[in-house]
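Chains as they are written, first to last, in our numbering: chain X, 389 to 651; chain U, 12 to 184; chain L, 231 to 655.
I should point out that these hints are in silico values taken from the structure, not numbers from a laboratory. In this text, all values refer to a predicted model and were calculated from it rather than measured experimentally. Wrong hints could be hidden among the right ones.
Claimed, not checked - Simulated pairs of lysine to any residue, SDA-like, Cα-Cα distance not exceeding 20 angstroms:
| # | chain 1 | residue 1 | chain 2 | residue 2 |
| --- | --- | --- | --- | --- |
| 1 | X | K426 | L | I496 |
| 2 | X | K622 | L | K459 |
| 3 | X | K461 | L | L484 |
| 4 | X | K461 | U | N179 |
| 5 | L | K462 | X | E502 |
| 6 | L | K462 | X | K461 |
| 7 | X | K482 | U | S60 |
| 8 | X | K461 | U | P45 |
| 9 | X | K482 | U | P45 |
| 10 | L | K268 | X | H651 |
| 11 | X | K461 | U | A54 |
| 12 | X | K482 | U | K76 |
| 13 | U | K76 | X | E502 |
| 14 | L | K459 | X | K461 |
| 15 | L | K268 | X | E502 |
| 16 | U | K82 | U | V56 |
| 17 | X | K461 | L | S303 |
| 18 | X | K482 | U | N179 |
| 19 | X | K622 | U | S61 |
| 20 | X | K482 | U | I62 |
Unchecked claim - Only some residues are given here: those of chain L computed to face chain X with a beta carbon under 8 angstroms:
| # | residue |
| --- | --- |
| 21 | E352 |
| 22 | F467 |
| 23 | P469 |
| 24 | Y470 |
| 25 | V473 |
| 26 | F477 |
| 27 | V480 |
| 28 | L484 |
| 29 | C487 |
| 30 | F489 |
| 31 | Y492 |
| 32 | P614 |
| 33 | R618 |
| 34 | I619 |
| 35 | E620 |
Glycine included, C-beta positions come from ideal geometry on N, C-alpha and C.
Residues per chain are reported as follows:
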Amino acid sequence: MNIFRNIFKNNMFIFLVLIFGFSASANSAEGTTFKNLKPGFSFEGPFGKFDKESLKRGYQVYSEVCSSCHGLKQLSFRNLSQPGGPEFSIERVKEIASEYSITDGFDEYGEPLERSMLPSDRFPRPYGSKEEAKGANNGAYPPDLSLIVKARADGYNYLYSLLKGYEEEIPEDLDIGDLSYNPWYPGGAIAMYQPLYDESVEYEDGTPATIDQMSYDVANFLTWAAEPTMEERKRLGFIVMGFLIIFVILMYLSVSRLFRDVH
Amino acid sequence: MTDTNDNQDPSRRDFLYITTAVFGATGAASVAWPLIDQLNPSASVSALSSIEADISSIPEGGSMKVAWRGKPIFIRRRTKEEIELAEKEDSLNLPHPEKDLDRVKNKEWLVVVGVCTHLGCVPIADSGDFGGWFCPCHGSHYDISGRIRKGPAPTNLEIPPYEFVSENIIKIG
Amino acid sequence: MNHDYQYTPKNGFSKWLDKRLPLMRFADENLLSFPTPKNLNYFYTFGFILTMCLVTQIITGIVLAMHYVPNTSLAFDSIEHIMRDVNYGWLIRYMHSNGASMFFLAVFIHMFRGLYYGSYKEPREIIWILGVVIFLLMIITGFMGYVLPWGQMSFWGATVITNLVATIPVIGEPVLTLLLGGYSVDNPTLNRFFSLHYLLPFVIFGVVILHIWALHVTGNNNPTGIEVKDSKDTISFHPYYTVKDLFAYVVFLLMFCYFIFYNPNILGHPDNYIEADPMLTPAHIVPEWYLLPFYAILRAVPDKLMGVLLMFGSIVVLFFLPWLDTMKVKSARYRPLYKIFFLFFVIFCLLLGYLGAKPPEGIYLLLSRVSTIYYFAFFLVIMPILSRIEKPSPMPIGISNPATNNTSDSGGGVSGTPSYAMDSK
């Protein structure tokens with residue numbers, strides 16, 4: 389019966405491993421036809437950091453291509469200059485913001501006033517309401533992109549694959565009506581037309597704007613947009629885990645010392 | 012508890028326990044900081060901690076009201092007569108003595124926090140006996156430099172931190 | 231229980247206080263000098279870990295409540311405000327969401343410990359029953375808490391589970407309307423869930439105090455299942471178990487912090503980062519991982535009402551354990567048959583958890599039914615039968631005495647008396 393005692397001694401670790409495993413399987417990507425492409429992003433891993441130049445390019449793709457239909461409502465312009473992100477200069481951010489205007493306040497006749505946007509303002513919404521958005525897009529609502537990477541399993545790889553993944557040839561047995569075919573989209577029929585073509589954007593830093601490059605950059609940017617504090621989280625994690633490892637060793641030694649004279 | 016082990020190296024035992032305790036205390040204190048710092052203004056609030064006001068459209072003798080940190084700011088473009096009057100009144104026996112020059116960066120522009128220093132009401136412009144503001148709540152009169160002249164308010168209208176970012180833009184805060 | 235030791239106040243202030251409100255005495259008798267079996271293993275540290283989990287959830291929760299808005303049009307955005315703008319908001323939010331998972335992980339291990347070592351048996355029935363009450367309160371609290379972010383899973387999980395109330399005959403529908411404050415999960419529901427989610431942890435705290443009080447009346451069980459006989463069997467709680475508990479907690483913290491800092495969303499569902507949409511049902515509605523076993527039981531049963539009854543029944547049956555398993559030998563260490571059935575019980579519980587996330591069809595449905603049957607059979611059939619027929623393996627005479635008695639002797643002589651029959655309380 390010692391076998392059982394040994395197994396049970398390790399039960400705690402079995403529990404944890406099994407729970408890890410079950411939760412991972414419970415979270416596995418549902419409904420994707422293909423496995424996501426994994427180009428490898430600089431922010432992956434416990435010491436990952438964002439590639440700032442890629443973030444800047446990704447923002448350019450978002451603002452020139454995506455923002456006409458997709459909002460970014462959880463972010464403000466000032467986020468573009470804060471540490472841990474694309475880190476545009478404050479002057480550049482003011483410039484970007486001032487290109488948009490917003491209704492704010494009333495004049496002495498009670499008429500609404502317009503002013504140009506400030507860094508503290510949120511990104512402008514492409515549509516006044518969800519219904520208007522649907523109406524302008526054949527009944528399909530273009531989702532807000534602030535959290536899209538966290539709202540999809542394996543989000544950044546999925547986005548990258550999806551944006552690159554449009555195919556002209558539609559499989560014979562699939563009826564997609566007037567939608568577009570994208571094998572990475574669950575079910576294959578996606579309402580969004582292919583948004584990126586080679587040179588859709590002229591990158592400010594001169595990088596060639598291939599579909600692959602733009603998909604990569606915008607997936608990068610949207611990962612940051614979904615979690616702007618990621619770099620700080622990993623940095624703090626390193627300090628905390630380091631502290632805890634030393635502390636756990638000290639605690640273990642204390643326990644051993646204390647219990648030496650018991651029994 | 013047997014003594015043999017302890018007697019052999021009491022200092023090492025103590026060192027271990029003390030180090031562990033110090034580590035633990037440091038850890039506990041470090042956890043406390045985020046819980047306290049979250050009470051501080053969030054990034055969205057801090058972003059509004061300073062504002063920029065465009066003063067190009069204010070005529071001489073006119074004024075503008077802007078909101079800063081939840082409070083009204085009076086920006087007044089003073090006429091030559093008003094500036095002269097303000098400076099002349101420096102030498103009077105003021106309840107809260109302050110020179111006009113000490114209260115402005117550019118004599119043409121008076122920037123004050125529009126909150127009465129008595130109990131916090133918003134004074135009315137171009138009223139009162141001293142050519143400045145009048146607070147209707149308890150009858151405080153302020154002059155054209157924002158100084159208290161008559162009434163229960165104890166101090167002059169507060170000057171917020173501000174600077175001229177350009178000829179037409181004042182940044183407050 | 232060792233009544234030889236007496237607390238004596240040492241200085242003037244302590245003496246003064248002791249006569250008026252014996253706080254120091256209470257702390258000394260319950261936390262410092264409390265005689266604890268000397269052979270407790272690391273499974274026994276989870277009580278302390280759980281207390282720390284409760285405190286962590288309460289503190290992080292109160293802080294989050296300073297920034298969260300319990301209104302359907304603002305809730306989701308207020309959480310993003312916490313994540314992005316509030317200083318360390320992301321940290322406090324991840325501590326709270328992952329802390330809930332850690333809380334349940336710890337409580338499952340704690341409960342499995344109780345099942346293995348017979349900690350629910352006489353004289354500890356009340357400790358066990360209070361524990362099941364705490365577990366129920368935790369489930370309700372966790373369920374309501376998950377609704378608050380108002381994501382797709384928040385809304386639809388709430389819709390599915392509250393709809394179960396309607397399966398109760400006659401009164402089901404009106405009770406459901408009363409609970410929801412409307413005709414579907416909406417703002418009134420969210421608002422009241424927030425209020426109750428804030429309240430219940432303090433109720434849990436009260437029951438925890440009763441739970442620990444009841445424990446201190448009987449004294450701790452221990453891995454042998456043989457009761458403490460004298461002070462040779464015990465050591466003072468401080469410093470031995472205060473330090474050991476803290477060590478175990480730091481190990482636990484290492485795992486907790488791995489999740490917070492390196493994988494904060496793995497235990498959740500991506501769909502909850504989509505704002506709730508009453509017009510759009512997600513492809514698969516899945517509760518949080520710690521509710522999956524119960525969800526699997528619910529869906530294993532073809533009849534809706536029976537499913538609900540069995541789901542609640544799976545927790546209610548726990549209340550009756552002290553009377554279902556009446557074998558005097560407490561610890562599975564000396565119960566070779568029980569040990570095997572218990573191992574299968576653990577495996578089936580984990581399997582139920584896995585199945586809870588799968589669609590209820592085909593092989594998954596079949597396995598769910600098998601697992602559910604085993605779950606109830608373990609308590610209602612196997613335990614009572616084993617109580618009657620199981621022969622224990624050789625047991626030590628006591629905690630301090632590893633010499634085994636020979637239980638095949640039928641009575642006669644001190645060494646021949648089974649040690650479990652020597653317990654007196």
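Now the hints, each set against the structure:
In summary, the hint linking K426/X to I496/L is supported, as the alpha carbons are separated by about 18 angstroms, within the 20 angstroms threshold. Straight-line distance between C-alpha atoms of K622/X and K459/L comes to about 51 angstroms, which puts the hinted pair past the 20 angstroms bound. The suggested pairing of K461/X with L484/L is violated, with an alpha-carbon distance near 35 angstroms, which exceeds 20 angstroms. Taking the CA atoms of K461/X and N179/U, the gap is near 32 angstroms; set against the 20 angstroms cutoff, the hint is violated.
With a C-alpha separation of about 83 angstroms, the suggested pairing of K462/L with E502/X is violated against the 20 angstroms cut-off. Annotation: proposed proximity of K462/L to K461/X is violated, straight-line Cα distance about 67 angstroms (limit 20 angstroms). For the hint pairing K482/X with S60/U, the CA-to-CA distance comes to about 16 angstroms; that is within 20 angstroms, so the pair holds. Annotation: proposed proximity of K461/X to P45/U is violated, straight-line Cα distance about 26 angstroms (limit 20 angstroms).
Distance restraint check for K482/X and P45/U: the Cα-Cα separation of roughly 30 angstroms exceeds the 20 angstroms cut-off, and the hinted pair is therefore not satisfied. Distance hint between K268/L and H651/X is fulfilled; the C-alpha atoms sit about 8 angstroms from each other, no more than 20 angstroms. Proposed proximity of K461/X and A54/U is supported: the alpha carbons are some 16 angstroms apart, at most 20 angstroms. For a cut-off of 20 angstroms, the pair hint linking K482/X to K76/U is broken: about 23 angstroms separates their Cα positions.
With a C-alpha separation of about 17 angstroms, the suggested pairing of K76/U with E502/X holds against the 20 angstroms cut-off. For a cut-off of 20 angstroms, the pair hint linking K459/L to K461/X is broken: about 67 angstroms separates their Cα positions. Among the hinted pairs, K268/L with E502/X is inconsistent with the structure: their alpha-carbon atoms are about 75 angstroms apart, more than 20 angstroms. For a cut-off of 20 angstroms, the pair hint linking K82/U to V56/U stands: about 14 angstroms separates their Cα positions.
Our distance criterion of 20 angstroms between C-alpha atoms is met by K461/X and S303/L, whose separation comes to about 14 angstroms. This hinted pair checks out: K482/X and N179/U have alpha carbons roughly 17 angstroms apart, not beyond 20 angstroms. For the suggested pair K622/X and S61/U, the alpha carbons sit about 31 angstroms apart, so the restraint of at most 20 angstroms is broken. The straight-line distance between the Cα atoms of K482/X and I62/U is roughly 13 angstroms, inside the 20 angstroms bound, and the hint therefore holds.
Annotation: E352/L was flagged as interfacial toward chain X, and the flag is violated, the nearest CB pair being 24 angstroms apart, outside 8 angstroms. Below 8 angstroms, beta-carbon pairs count as interface contacts, and F467/L has none with chain X, the closest being about 12 angstroms; its hint is therefore violated. Restraint check, P469/L versus chain X: the minimum CB separation of about 6 angstroms is within 8 angstroms; hint holds. Among the interface hints, the one on Y470/L holds; its C-beta lies about 6 angstroms from the nearest C-beta in chain X, closer than the 8 angstroms criterion.
The restraint placing V473/L at the interface with chain X holds, with a minimum CB-CB distance near 6 angstroms, inside the 8 angstroms limit. Taken as an interface hint, F477/L checks out: its beta carbon lies about 4 angstroms from the nearest beta carbon of chain X, inside 8 angstroms. Because the closest C-beta pair between V480/L and chain X is about 5 angstroms apart, less than 8 angstroms, the hint holds. This hint holds: L484/L has a C-beta 5 angstroms from the nearest C-beta of chain X, less than the 8 angstroms allowed.
Hint status for C487/L relative to chain X: holds, with the closest Cβ pair at about 5 angstroms, below 8 angstroms. Residue-level restraint check for F489/L is violated (minimum Cβ-Cβ distance to chain X is 10 angstroms; threshold 8 angstroms). Hint status for Y492/L relative to chain X: holds, with the closest Cβ pair at about 6 angstroms, below 8 angstroms. With a least beta-carbon distance of about 23 angstroms to chain X, the hint placing P614/L at the interface is violated under the 8 angstroms criterion.
Violation of the interface hint for R618/L is found here, the shortest Cβ-Cβ separation to chain X being roughly 21 angstroms, above the 8 angstroms cut-off. Interface restraint check: I619/L against chain X, minimum CB-CB distance 18 angstroms, threshold 8 angstroms, status violated. Among the interface hints, the one on E620/L is violated; its C-beta lies about 14 angstroms from the nearest C-beta in chain X, farther than the 8 angstroms criterion.
When each numbered hint is compared with the structure, violations occur for hints 2, 3, 4, 5, 6, 8, 9, 12, 14, 15, 19, 21, 22, 30, 32, 33, 34 and 35.
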